[in-house]
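Peer 1: Chain order of the listed sequences is G and Z.
Take the first sequence: its letters are residues 1 to 352, numbered as in our numbering.
Take the second sequence: its letters are residues 1 to 286, numbered as in our numbering.
Quick caveat, the hints were computed from the structure, so don't treat them as lab data.
A quick note: this is a predicted structure, and the numbers were derived from the prediction, not measured.
Cβ coordinates follow ideal geometry from the N, Cα and C atoms, glycine included.
Among the hints, erroneous ones may be present.
According to the in silico footprint, chain Z covers these stretches of chain G (three or more CB under 8 Å from chain Z) [claimed, not checked]: (1) 173–179; (2) 264–272.
Partial list, computed: chain Z residues near chain G (C-beta under 10 Å) [what the hints assert, rightly or not]: (3) 116; (4) 119; (5) 131; (6) 133; (7) 136; (8) 138; (9) 172; (10) 218; (11) 233; (12) 265.
Residues per chain, in single letters:
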Amino acid sequence: MTGAALWGRAGTLQPGLEMRALVLTVNRLVWFVPTLLGLLVITFTISHIIPADPIAFIAGDNATAEQIAALKAKFGVDKPVPVQLWNYILGVAEGDFGISLYTQRPIAEDLIARLPATLELAFVAVILSGVIGIPLGVLAAVRRNSWLDHGLRVFTVSGLAIAAFWFAILLQLLFAMHLDWTPLQGRVDGWGPDPVTGFYIVDSILAGDLETLADVIGHMVLPTVTLSFPAMATIMRFTRAGVLDAINSNYVDYQLAMGVPRRVVVWRYVLRNALIGTVTQVGLVFGNLIANAVVVEAVFDWPGLGLYAVNSILQSDYNGIMGFTLIMGTVFIIVNLLVDISHGLIDPRETG
Amino acid sequence: MLETTLFLLRRLASDRTAALGALIITLLVVVAIAAPVLSTHPGDVTEFHPPERLLPPSDDHFFGTDRMGADVYSRLLFGARITIAIAVIAIGASVLVGIPVGLIAGYYRNWVSDALMRISDIFLAVPQIVLAIAIAQTLGPSIENVILALSATYWPFWARLVYAETRSALNDTYVEASIALGASPWRVMILHVLPNISSSVIVRTTIGMGGTILTAAVLGFLGLGPPAPSPEWGRTIAESREFLPEAWWYATAPGLAIFLVVMGFNLLGDGLRDILDPRTRRSGDG
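Just chain G, with the same shape it has in the complex (with noise of 0.2 Å):
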């Protein structure tokens, strides 16, 4: 049976499927908990294990063995590799990421500063991708073979293989340095909207200033552009296939002798079966962006937690590295655990 049938006219779950989604979800809830106990076991492997010897590393060359035993206290270090682990876990609990041996601050306000910028370039992008990718998609499909279809395909073929660091360096070089048309880099001029969400395109329409609204899309525009273009030829290849896949059905057939005209066909039907096949691809989609996140702040010296990992890796700050990776982790998951629960809503064969 396909998908489209197991709906109901209105588009809601037939009766039944409810109680299986409702399995489904809180089966991958309780996965979610040791999914993260092993990201902190990796993390924790990485920053406690692998440097030969950190406290020395942290002490410097001239330190006496008192000073290096007293720091040993200090971190903890001197106890069992176990009882290290569980400290660290603690500690991660109670939101304690250590101190930045860079702005000689909590890490964890730090990244929480900077959660905001990161997420509202990921969004716009995640955004921006969709839709424009997915309607493309479907045009490729049904004009298979198209001059449109094979300039797509160029595109697709393109996005996937370019760094997206040298794209952002090329779209700076010429929109911004050239034809000076966009600004070079940097969120905002200027001190930005008063901060309630941190998101500033949704602070800057709070506070009604549509100058500095302008002012930080026009930041935006490269930044999301360099993002979109690899999230858009994914989404593009994958709706393309599933709307090739679901134009073959019986139902379409059937739909299209009955009369309904193909556009509705194509739009309305085939795309929905078309995009659950799509939507599992958010979580890799956004996987790479965040991914790119990484050198597309350090190009556009975008204040998130992509240039926060950058400035660390520049310092040797391993707590900021640490808590990077444990925030990107953790977003992440998070992603991946609502593309399963939706994908689950959106097709009822996945229920089982």
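Place chain Z on chain G using the hints.
Peer 2: Coordinates of chain Z only, in the frame set by chain G:
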């Protein structure tokens, strides 16, 4: 074996995009091997000529010179060697770890296989680049550490793939038959399961090469790759940034090289998938 290879090559040659991919990769390998011969200034990997810094492209310097007065074109060719070394070794190590893990977890149904797959899932639950950055940063910038960081974060992709393929192969009659005939687990895994899942492994490995080259370039760009004066492409782009917009050639050439090489592996991977793995054929592309 020879016949299969010939068949593969014929099919590849008839698929224009896959042939283009294969051509790009062949070119990359040739360039990497023949770098000392093909480069116009082979000494410029380590020698510098400050008076000639930041010269635009010319007959003497095809892609201009960099901040040290070294020939960008020649360094690009030697950079290909680093790219190939990193990608081949990192992918090789990931495959060597991922295949046995996937086979064992797929063949047996006990706590060991559960544990192996849970560990893979945790690695897959975090974007690869994020963990790779953390590991590379902890270990310090060097080519060996880039390879280590990439291998440590990439093996779960193959473990997952081989696990799923093994589970489905175990339902096939030929595997059931060989188990019934008393074949040992290792015999079944290596002689029966592995050859039948090799197509998907080859396809994923080809596409994975592209992804690994991109990730390695990111590490290089962030300063986590081989240290200066290495001609690694990502590092070269990072170095070029402070000389923009004047020295556009300095940033453009290495980025174009990364783009072409990654595209080559992606195109070849797509083509191989169409030929080797008809189940996941690109719909309607014939």
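Peer 1: Hint by hint, note whether the structure agrees.
Peer 2: Hint check:
A count of 3 residues in the segment 173–179 of chain G with a Cβ less than 8 Å from any Cβ of chain Z is obtained; the coverage claim is therefore met, three being the minimum. Check result for the segment 264–272 of chain G against chain Z: violated, 0 residues qualifying (beta carbon to beta carbon below 8 Å, three or more required). Evaluation of the residue 116 of chain Z hint against chain G yields a violated restraint, the C-beta minimum of about 13 Å exceeding 10 Å. Because the closest C-beta pair between residue 119 of chain Z and chain G is about 7 Å apart, less than 10 Å, the hint holds.
For residue 131 of chain Z, the suggested interface contact is upheld, since its CB lies about 7 Å from the closest CB of chain G, less than 10 Å. With a cut of 10 Å, the hint placing residue 133 of chain Z at the interface with chain G holds, because the nearest CB-to-CB distance is about 7 Å. Interface hint status for residue 136 of chain Z: upheld, as the beta-carbon distance to the closest one in chain G is roughly 9 Å, under 10 Å. Given the 10 Å rule on beta carbons, the hint for residue 138 of chain Z holds: about 5 Å separates it from the nearest Cβ of chain G.
Residue-level restraint check for residue 172 of chain Z is violated (minimum Cβ-Cβ distance to chain G is 23 Å; threshold 10 Å). Against a cut-off of 10 Å between C-beta atoms, the interface hint on residue 218 of chain Z holds, since the closest Cβ of chain G lies about 6 Å away. Checking residue 233 of chain Z against chain G: minimum C-beta separation of about 9 Å stays under 10 Å; hint holds. Interface hint at residue 265 of chain Z: satisfied, since its Cβ lies 8 Å from the closest Cβ of chain G, which is below the 10 Å cut-off.
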